[in-house]
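The primary structure of each chain is shown beneath.
Number of protein chains: 2
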Amino acid sequence: MSLVIMKFGGSSLANADKIKHVAERIIVKKKDGNKVVAVVSAPGDTTDDLIKMVDKIACNPPVREVDMLLATGEMVSISLLAMAIDAMGEEVISMTGPQAGILANEDYTRARIKKINPQKINDQLAKDNIVIVAGFQALNPRGDVTTLGRGGSDLTAVALAVALKSDLCEIYSDVEGVYTADPRVVKDARKIDYISYDEMLEMAGSGSQVLQSRSVEVAKKFNVVIHSKSTFSESEGTIITSEEKIKEKKMESFLLSGISFDKSQVKFTISVFDASGIVTEIFSRCSEVGINIDMLDQSVLNKSNTISFIVNRSDMKKTQEELDKMTLDFKASVSCNEHIAKISIIGVGVKSHSVVAAKMFKILHKSGIDVNMVSISEIKISCIISESDVLKAVEELHKGFGLSKKRVDLD
Amino acid sequence: MSLVIMKFGGSSLANADKIKHVAERIIVKKKDGNKVVAVVSAPGDTTDDLIKMVDKIACNPPVREVDMLLATGEMVSISLLAMAIDAMGEEVISMTGPQAGILANEDYTRARIKKINPQKINDQLAKDNIVIVAGFQALNPRGDVTTLGRGGSDLTAVALAVALKSDLCEIYSDVEGVYTADPRVVKDARKIDYISYDEMLEMAGSGSQVLQSRSVEVAKKFNVVIHSKSTFSESEGTIITSEEKIKEKKMESFLLSGISFDKSQVKFTISVFDASGIVTEIFSRCSEVGINIDMLDQSVLNKSNTISFIVNRSDMKKTQEELDKMTLDFKASVSCNEHIAKISIIGVGVKSHSVVAAKMFKILHKSGIDVNMVSISEIKISCIISESDVLKAVEELHKGFGLSKKRVDLD
Chain G
0 MSLVIMKFGG SSLANADKIK HVAERIIVKK KDGNKVVAVV SAPGDTTDDL IKMVDKIACN
60 PPVREVDMLL ATGEMVSISL LAMAIDAMGE EVISMTGPQA GILANEDYTR ARIKKINPQK
120 INDQLAKDNI VIVAGFQALN PRGDVTTLGR GGSDLTAVAL AVALKSDLCE IYSDVEGVYT
180 ADPRVVKDAR KIDYISYDEM LEMAGSGSQV LQSRSVEVAK KFNVVIHSKS TFSESEGTII
240 TSEEKIKEKK MESFLLSGIS FDKSQVKFTI SVFDASGIVT EIFSRCSEVG INIDMLDQSV
300 LNKSNTISFI VNRSDMKKTQ EELDKMTLDF KASVSCNEHI AKISIIGVGV KSHSVVAAKM
360 FKILHKSGID VNMVSISEIK ISCIISESDV LKAVEELHKG FGLSKKRVDL D
Chain R
0 MSLVIMKFGG SSLANADKIK HVAERIIVKK KDGNKVVAVV SAPGDTTDDL IKMVDKIACN
60 PPVREVDMLL ATGEMVSISL LAMAIDAMGE EVISMTGPQA GILANEDYTR ARIKKINPQK
120 INDQLAKDNI VIVAGFQALN PRGDVTTLGR GGSDLTAVAL AVALKSDLCE IYSDVEGVYT
180 ADPRVVKDAR KIDYISYDEM LEMAGSGSQV LQSRSVEVAK KFNVVIHSKS TFSESEGTII
240 TSEEKIKEKK MESFLLSGIS FDKSQVKFTI SVFDASGIVT EIFSRCSEVG INIDMLDQSV
300 LNKSNTISFI VNRSDMKKTQ EELDKMTLDF KASVSCNEHI AKISIIGVGV KSHSVVAAKM
360 FKILHKSGID VNMVSISEIK ISCIISESDV LKAVEELHKG FGLSKKRVDL D
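One line per chain: the protein sequences are G and R, in this order. Note that numbering that gives the first Met the number 0 gives residue 182 to position 183 of the first sequence, counting from 1, and the numbers run on in steps of one. Note that numbering that gives the first Met the number 0 gives residue 4 to position 5 of the second sequence, counting from 1, and the numbers run on in steps of one.
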């Protein structure tokens with residue numbers, strides 16, 4: 000008898016009928032001879048509705064109270080889902096994050112899981128009960144409930160798979176799995192059958208919101224196989240596992256996994272006569288106030304230096320303030336472009352085939368799209384382009400690299 | 000510096016503006032030089048909405064899960080209220096029932112408070128923080144959250160007053176206090192300034208839903224003065240305290256406190272030839288299955304016995320089933336009248352003035368209202384009348400006894 004962790008997102012629990020449907024899927028898994036722990040998010044738009052309520056009451060609410068409030072959404076899910084399963088005649092018990100023994104640090108609203116005491120869950124599994132656990136929440140050392148940040152229920156699921164020594168973690172959502180590109184943008188985007196942790200991380204980091212990045216990191220670290228599936232269909236979904244396992248099992252692997260894009264960033268450009276020390280200064284100032292710099296580019300033309308870098312849109316104001324202070328010292332001019340997008344090609348093929356980058360630029364050039372900044376990592380090539388070009392770029396790259404076909408030909 | 004417990008009902012917290020208003024009232028109390036612990040119910044119709052959701056999912060949901068679900072409503076209230084107070088610049092912390100150290104037994108959905116560990120609250124009060132506590136909920140020995148039954152937040156407030164050694168417990172709602180009759184029914188109903196615990200208990204038991212009965216019982220036991228006030232006005236409200244204190248302070252006491260009515264009951268009538276042992280049988284069978292019998296009346300006419308008694312409407316089906324079994328043995332005929340109401344006159348004057356009952360019947364008779372069953376206790380006289388007569392009866396009795404005036408003349 001094996002143990003399966005099943006995680007269901009909020010859109011899978013948005014109303015009574017959907018909750019009953021999820022209950023049925025859990026019971027089928029149980030009757031197939033598995034022990035089941037289900038992790039759930041808050042139903043539908045509950046979390047967003049609660050945040051709207053907060054906005055009407057306080058501009059800068061205490062984070063402890065925000066977590067107290069947000070944790071209620073998952074408590075609603077676990078109890079209603081447990082009632083639905085009970086009504087279908089199966090033994091079931093719900094647990095909040097704290098009851099399930101999930102312990103985190105004191106960083107309210109973005110706590111990190113420190114430890115899981117699986118005793119209570121194991122006791123219930125030993126009694127052959129289905130266990131429903133509230134995702135996204137944990138207990139901190141002060142005895143308060145804390146939340147794990149956006150997408151935190153994925154992390155709860157993977158962390159429970161580690162703690163309970165389950166090697167399969169199924170993550171159900173309203174999409175069929177991971178695609179070569181966003182299927183809402185690219186009509187013939189193809190669902191990927193297998194993808195490595197690293198590729199998945201690059202996909203997630205580039206804006207494909209199927210799985211929370213930290214959950215993939217933890218899965219990679221502890222070798223938990225993630226199975227991304229749809230709540231509402233029986234299709235096979237996508238398996239996220241190690242590159243080695245994919246090779247071992249002679250699974251058909253693809254040199255390129257997919258195209259992703261991200262419109263949540265902005266580009267700052269600084270022009271300065273003497274650039275000595277300025278990059279160091281930018282990095283140190285930004286890191287001091289918690290701003291992540293994503294790409295950086297420095298060019299010299301006629302002794303005039305131009306430095307460009309990318310930050311998250313949410314950090315735009317803070318970055319501007321830091322640069323304003325700096326430019327007093329450096330006599331530089333600063334501009335910010337909000338209308339950019341990052342487009343990325345991801346795949347294990349990137350690291351060994353330099354031809355991929357050349358082909359990417361050729362396709363974009365042919366489509367009349369200007370490439371602005373480039374960053375190349377082991378398994379990802381990213382370019383900054385104009386925001387207005389992003390949909391065209393995704394489509395042309397998807398077509399140009401033949402991603403809708405099962406085999407990718409790199410030249 | 001004295002400690003005040005302030006309890007706010009759900010209708011006082013139904014939206015962001017009301018929550019801010021409650022925050023202001025708490026801060027005013029704090030700035031008046033008091034330490035403040037506020038107990039809150041779930042906002043507006045939250046609890047009813049959650050129960051509707053349950054109805055769509057399960058007919059007979061597990062009580063543990065019902066409590067897990069219902070407890071979320073008060074968690075929403077405490078966190079939003081704490082945010083509102085924080086936004087107004089005061090130090091504040093929210094606590095769930097379990098965090099506040101409120102411990103109960105294992106009776107889910109109607110748990111009884113066993114003990115309160117006030118350490119955490121006292122620590123926060125010592126730091127001069129306002130403490131917001133979720134009403135209606137407690138921690139049981141299994142580590143689960145349980146709820147205290149309808150109106151349970153009143154009980155939380157009174158129990159905290161006892162545990163924290165506060166001798167004043169303010170209960171805020173959307174009414175101005177306790178009235179001589181329901182002001183929606185009797186236009187010139189008068190707000191009562193002082194009422195004894197016993198009278199209040201009789202008022203509550205007879206359908207006046209200003210305060211939960213158990214909370215009044217606990218207040219009586221531990222001599223906690225309850226002050227029932229309106230959240231939305233500055234009027235003085237009603238003070239509920241002991242008869243002795245009312246006399247001691249030479250407060251103007253009234254022989255009659257008020258009129259109340261209750262339409263939540265039904266009347267069973269059994270006709271049987273030989274009644275020997277039947278009343279005992281009814282009482283023992285009903286008590287076995289947890290049915291409370293409220294009034295009982297036995298009359299004999301031409302050797303035919305008629306036995307009538309009153310039970311709660313919610314117990315109607317169960318009572319019918321028990322009687323069906325019995326009548327097989329006793330060869331009796333059973334009927335049930337759902338269209339009845341109980342009307343009661345409450346006041347310390349009842350116990351010493353037998354004239355009250357006579358006057359009551361005279362007023363009802365003059366108004367053409369048939370009296371069906373009568374029960375007389377120390378401070379209450381109740382009659383069963385036809386449901387359709389109830390509003391007229393309340394008005395006529397209120398007028399007849401001169402309850403809108405400050406002094407009641409009994410003859």
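Don't take every hint at face value.
To be verified - Under 7 Å between C-beta atoms, here's a sample of chain G residues computed to sit facing chain R: (1) Ala15; (2) Lys55; (3) Ile56; (4) Pro61; (5) Glu64; (6) Met67; (7) Val75; (8) Ala83; (9) Gly88; (10) Glu90; (11) Ala188; (12) Val224; (13) Ser234; (14) Gly399; (15) Gly401; (16) Ser403.
Note that these hints are calculated values from the structure, not bench results. In this text, a Cβ means the ideal position worked out from N, Cα and C, and glycines have one as well.
Hint check, Val224 (chain G) versus chain R [nearest Cβ-Cβ separation less than 7 Å]: Violated: closest Cβ of chain R sits about 31 Å from Val224 (chain G), beyond 7 Å.
Supplied contact hint for Ala15 (chain G), tested at 7 Å Cβ to chain R: Status holds, d = 4 Å.
Agreement of hint Ala188 (chain G) with chain R interface, Cβ distance less than 7 Å: violated, 36 Å
Hint check: 7 Å Cβ-Cβ cutoff, Val75 (chain G) to chain R: Given a least distance of 6 Å, the restraint on Val75 (chain G) holds.
Minimum beta-carbon distance criterion (7 Å), Gly88 (chain G) to chain R: violated, 11 Å
Interface hint status, Gly401 (chain G) versus chain R (Cβ within 7 Å): violated, 47 Å
Supplied contact hint for Glu90 (chain G), tested at 7 Å Cβ to chain R: With a minimum Cβ separation of about 10 Å from chain R (threshold 7 Å), the hint on Glu90 (chain G) is violated.
Hinted contact Glu64 (chain G) with chain R - closest CB pair below 7 Å: holds, 4 Å
Per-residue hint verdict: Gly399 (chain G), partner chain R, C-beta under 7 Å: violated, 49 Å
Per-residue hint verdict: Ser403 (chain G), partner chain R, C-beta under 7 Å: Interface hint status for Ser403 (chain G): violated (41 Å vs cutoff 7 Å).
Minimum beta-carbon distance criterion (7 Å), Ser234 (chain G) to chain R: violated, 27 Å
Satisfaction of the Met67 (chain G) interface hint, Cβ to chain R closer than 7 Å: Check passed: Cβ of Met67 (chain G) comes within 4 Å of chain R, closer than 7 Å.
The structure does not agree with the numbered hints 9, 10, 11, 12, 13, 14, 15 and 16 stated previously, though it agrees with the rest.
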